[in-house]
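The chain contents come next:
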Amino acid sequence: MSLEDELSQIRAAARNDAPLQAAYQDLLLRLDRAETGERALKPGDAMPAFLLPDAEGQLIASDDLLARGSLVINFFRGNWCPYCRQTLKALEAALPEIEAAGGQLVALTPDTGHHLADTKRVQRLSYEILSDVDGTVGLQFGVLFRAPAAYREVLASYGIDLAERHGNDGGFIPLPATYVVDHEGIVRYAFVDIDFTRRAEPAAVVAALKQIHSDSD
Amino acid sequence: MAAAFLLAAFLLAAFPPGRFPLSLPEAAGRGGPDPEDGKAMELFQVRYFLALARTLNFTRAAEACNVSQPALTRAIQRLEEELGGPLLHRERNLTQLTELGRAMLPHLEAAHTAAEAAAAQAAAFRRREGEPLRLGIDGTLSAQILAPVVRELQSRIESFELGLTEATSPDLLERMMAGALDSAILVDAEKPPERLDRWHLFRERCVVLCPEGHPLAALEAVPIEALAKENLIVREAPRCDLDRILMRLSAAAGIDPKLRHRCAGEDQLRRMVAAGLGLALAGERYGAGPGIAARPLAAPAAIRQITLAAVAGRPHGPVLAAFLKLMRARDWQLSKP
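Going down the list, the protein sequences come from chains A and B.
Taking our numbering, the leading residue of the first sequence gets 185, the next gets one more, and so forth.
Taking our numbering, the leading residue of the second sequence gets 8, the next gets one more, and so forth.
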């Protein structure tokens, strides 16, 4: 089953939740209107360097990762989001293929504190979960936006406290985005969607990595 | 909290990735800022707004920014769309910041701080160099809680230099505001100054330290009334939160505890408890010590809040910026000593 098949099941289950659907439609309208995502990084762009803490309390430098090869970067909103959880699991399942194609995988979230380790443990992930503290890397990639008040209210009604999770009250979350970057730091594949229920297929990520490999042969 | 955040957002969003002149000087050679690129306008929006906030005059702000007044006005309008409301009241002879404008100003002013920190950080960690880190920690907290973060910095920065100050939280706060400390781990900072960025780390219970074999050591939790007949050891340092908790709970329970002994620090305190001089209150995570039992105080109010703090708007060096990120990303729930 593709990731999209699994995501469509989550979408179907959420269809009866009227407040959530209203907030979701409002969010899509606003993002579309503001052309959010238009300034996101595109293939051919240089990736900004980052230095972020992982769930084990180590600092991970993008320079060090790129020195070892290509990099897959997945921006996710947090393990409070069912679409993110499904995507994280699908990427874990594809990890052997990603690594066989010469890629390293990291996932970035604006969450801080115990939420990183929780995500890794609960979703049983073996790749690095990095805290994009205050969303600064997401901003540099052009994938961060301020969640509209109505959407934040719906999240709060589900007990999701973004301020507590982020350690700031900005209410900024990333668009779901997946990037494949070659070892020179140039973006070779970009998936960015204002619709948070749509995600990059791991197969497309693996294909992009293989393409980098064949280009360099 | 996170005062620099919004400001950083605008500055960062202003530069298409790969063209961020402050954090990515080496990337500029690949593309270089394009003055015709509409996206780059957003940096100017912030700069124009800061000039406007300073001059409260569109003509003078436009002059200061070396642009036409219509260009400045358009940029401000776009920024207002981004922020969700007017930043300025425009009247014929009077321009004033709106409430939103006043609220956004400190965030926007702090943007340069955050951007410069990001630039310096990438370069410094590449060179394995960084500034000395001057930390403060409340004397009733074990410096052990800093060990994993400090070890990580030590492993990344060859010239890593740490100054660690131990004092009461109010003292640390004063020293930090005076510029003598970069960051501090505080307990229950009361009435924190506005210019302070604070991040919640964890909560911990207050425990009663008693010699092993003491009758109270047999209890699962110690009711405050049980301290009425005990000799207590307190810290010499004034304004210690544990003493305030003790006095507050005692007053509420109508008891008058005997504060018989005084000591200078956590080590002495534990030696005195072990020697049988009396009982003492302590934070749960510090640990008991040899010959001592620690039992939680049975009062819902006997909880301390531990926060990480730094002065808002002050430039963060690469090491301080990394320290704050590591502390905020840490799983404090699991890292009890």
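To be clear, the hints were calculated from the coordinates, so they are not data collected in a lab.
Here the structure is a predicted model, which means the values were calculated and not measured.
Be a bit skeptical, because a hint or two may be false.
Said to hold, decoys possible - Stretch by stretch, here's where chain B covers chain A in the computed footprint (C-beta under 8 Å, at least three residues):
| no. | region |
| --- | --- |
| 1 | 226–238 |
| 2 | 242–255 |
| 3 | 360–367 |
Stated by the list, open to error - Residues from chain B that keep clear of chain A, each with C-beta distances beyond 10 Å, as calculated:
| no. | residue |
| --- | --- |
| 4 | 155 |
| 5 | 187 |
| 6 | 220 |
| 7 | 223 |
| 8 | 257 |
| 9 | 284 |
| 10 | 329 |
| 11 | 332 |
| 12 | 338 |
| 13 | 340 |
Unchecked claim - A few chain A positions that, by computed beta-carbon distances, are all more than 10 Å from chain B:
| no. | residue |
| --- | --- |
| 14 | 315 |
| 15 | 337 |
| 16 | 344 |
| 17 | 375 |
Each residue gets a CB set at the ideal place from its N, CA and C atoms; glycine is no exception.
Outcome of the hint check:
1. 226–238: holds (count 10)
2. 242–255: holds (count 4)
3. 360–367: violated (count 0)
4. 155: violated, 5 Å
5. 187: holds, 25 Å
6. 220: holds, 37 Å
7. 223: Holds, since 32 Å exceeds 10 Å.
8. 257: Since the minimum Cβ distance to chain A is about 33 Å, residue 257 of chain B lies beyond 10 Å and the statement holds.
9. 284: holds, 39 Å
10. 329: violated, 6 Å
11. 332: Not fine: 5 Å to the nearest Cβ puts residue 332 of chain B too close to chain A.
12. 338: Non-interface label fails for residue 338 of chain B: nearest chain A Cβ at 4 Å, not farther than 10 Å.
13. 340: It is violated; residue 340 of chain B is separated from chain A by about 5 Å at its closest Cβ, not greater than 10 Å.
14. 315: violated, 4 Å
15. 337: holds, 15 Å
16. 344: At roughly 17 Å from the nearest Cβ of chain B, residue 344 of chain A sits farther out than 10 Å, so the non-interface label holds.
17. 375: At roughly 15 Å from the nearest Cβ of chain B, residue 375 of chain A sits farther out than 10 Å, so the non-interface label holds.
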